[in-house]
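Chemist: Given next are the chains, with one letter for each unit.
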Amino acid sequence: MTLLLNISYRAWHVWRRNLDVSRFSWKTTILPPLLEPMLYIVAFGLGVGAYVAQVGYRGRMTDYLTFLAPGMIALGVLSHAIFECMYGSFVRMRYQRTFDAMLCTPLLIEDILAGEILWGATKGLFAGMAVLSVISVWGLAVFPSSLLILPTAVISGLLFAAFGLLFASISPYIENLNLPTFFFINPMFFFSGTFFPIDDLPRWLKALAMLLPLTHTVDLMRAAAYGILEARLWVSVAYLAILTPIVCYAAIFLMKRRLIK
Amino acid sequence: MKPIIQARALIKRYGTFVAVAGVDFEVAPGECFGLLGPNGAGKTTTVHMVSCVLPITDGDIQIAGLSARNEPRRIKAMMGVCPQESNLDTDFSVLHNLVAYARYFDIPTPEAKRRAEALVDRFRLRDKAAQCVDDLSGGLRKRLLVARAMVNNPAIIMLDEPTTGLDPQSKHQIWDEVRAMKQAGTTVILTTHYMEEASLLCDRLIIMDQGRIIESGTPRGLIEKHAAGEGTLEDVFLKLTGKELRE
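Read top to bottom, the protein sequences are chains A and B. Heads up, the final residue of the first sequence is numbered 595 in this note's numbering, and it's a clean run with no missing numbers. Heads up, the final residue of the second sequence is numbered 255 in this note's numbering, and it's a clean run with no missing numbers.
Think of the hints as simulated: they come from the structure by calculation, not from any bench. Among the clues, some could well be false.
Heads up, simulated EDC-like pairs for lysine to aspartate or glutamate below, C-alpha to C-alpha not over 16 Å straight-line [as the list claims (entries may be wrong)]: (1) B/K121 - A/D434; (2) B/K136 - B/E125; (3) A/K590 - A/D434; (4) A/K595 - B/D66; (5) B/K247 - B/D217; (6) A/K595 - A/D354.
Covered, in the sense of this in silico footprint (three residues per stretch, anywhere, with C-beta under 8 Å from a C-beta of chain A), are these stretches of chain B [to be verified]: (7) 171-180; (8) 204-215.
In this text, a Cβ means the ideal position worked out from N, Cα and C, and glycines have one as well.
Build the full structure now, drawing on both the sequences and the hints.
Modeler: Quick look at the structure:
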């Protein structure tokens, strides 16, 4: 428990440091998250969408683009939060020795790691908001229920950032991060209801899909974007609300154990 | 005078390996205190425990009356650390390295900028202020590391091999800075392999070997005792630690 008590407001100093880096290199850090979902929407929405007449979600039939759009918000949150805390944090820890330098200031390792997770979540939220703005202009999201996408992006961003830091903490070398990418991120990318509904999958595959955190993020975001808020969604809310603090704790615990000997 | 740093029966173990095997020393405020010893003697480990970045296995360190075990934040707030190897922020310019580092000490941005500007001038980094630190030479990088260690106006500054690998000009410049710190009343902890450096700068020093202190005193006193007043501190060092290679 002291692990959590050691986290202070100073985590924001770490967040601020990472924000400065992004501000100085905004062309590479801000433009891609804005443009990437556009690529998916054009490729899948218009390309694949031309061959798919209607897609069913919770008994409602829509065109493929409408189905796809909320999934792209979730993917934006996932990829930006998790990769920032997998590769970004690994590089700062191992190659740039940023954490070593910070440890010689009043920051404790818990502040630093909490700051990293907050930063990863911020990047995820930013990416999610970028996609949401685009699809809102496109008329693919219903308001005001779509505003619920934002808190979903915040908690999912924290969760995926923490997963990223967790993977970084147990990877001896940066190359090892290919493993969680293949076994965790890629399955979520395809099987979380992002590109197609999971309802029609074989039962065993659907059961596996329900275990993936992104499935719950996607479901919450799609329900908000469609404006069909149902009581069953509380299960997904609970899933994310319980898993997030556990993964945050595990990531900070394991990373501290790796760094402070 | 009451010591500002007091290490008591200090031990650091990694599993079965003992890096520091029971070390006692005291440092008076304003003193320049040297840690000498061959590679692997436990100097850097000791320094890391004093600067509260490494947990203490056994024993304790009191710094300005605070225990390193219980008050790491308050101790770190009054300390400046210049590490052996550069951990400058390669994502930032020279100037922003100082600004960002100052903020970790809760120094508000306008004040952080003021201090960064002053340090850039003091350490003659003005021409390089906007450059990325990746492009700096070894000497400039060390200067920036020393400057960064001063950004919080520390009462204690730890310099871990600050002149290793530097050309004579850069080395002398760092020595001048250390003298200026002493002049200003800052306590300086210096680890070094250069006996000349220790002779010139340190008021008192300890020689460590295999995790223990094998000798301590003033540079002059050690030469008197072990080299009959002739020769250099290096003769004393080799006499005490032997000539065989350590690593």
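Chemist: Using C-beta distances, would you say chain A covers the segment 204-215 of chain B, given that this needs three or more residues below 8 Å?
Modeler: It is violated: at least three residues are needed, and the segment 204-215 of chain B offers just 0 whose Cβ sits closer than 8 Å to chain A.
Chemist: Going straight from one Cα to the other, do A/K595 and A/D354 come out at no more than 16 Å?
Modeler: violated (30 Å)
Chemist: Straight-line Cα separation of B/K247 and B/D217 no greater than 16 Å?
Modeler: With a Cα-Cα distance of about 12 Å, the restraint between B/K247 and B/D217 holds, given a limit of 16 Å.
Chemist: Does A/D434 sit within 16 Å of A/K590, going by the straight-line distance between their CA atoms?
Modeler: Holds, at roughly 12 Å.
Chemist: Are three or more residues of the segment 171-180 of chain B within 8 Å, CB to CB, of chain A?
Modeler: Violated - the segment 171-180 of chain B has 0 residues with a Cβ nearer than 8 Å to chain A, which falls short of three.
Chemist: Under the criterion that the straight-line Cα-Cα distance not exceed 16 Å, is the pair B/K121, A/D434 satisfied?
Modeler: violated (22 Å)
Chemist: Would you mind confirming whether the straight-line C-alpha gap from A/K595 to B/D66 stays at or under 16 Å?
Modeler: holds (14 Å)
Chemist: Is B/K136 within 16 Å of B/E125, Cα to Cα?
Modeler: holds (12 Å)
Checked against the numbered hints listed earlier, the structure breaks hints 1, 6, 7, 8; every other hint is satisfied.
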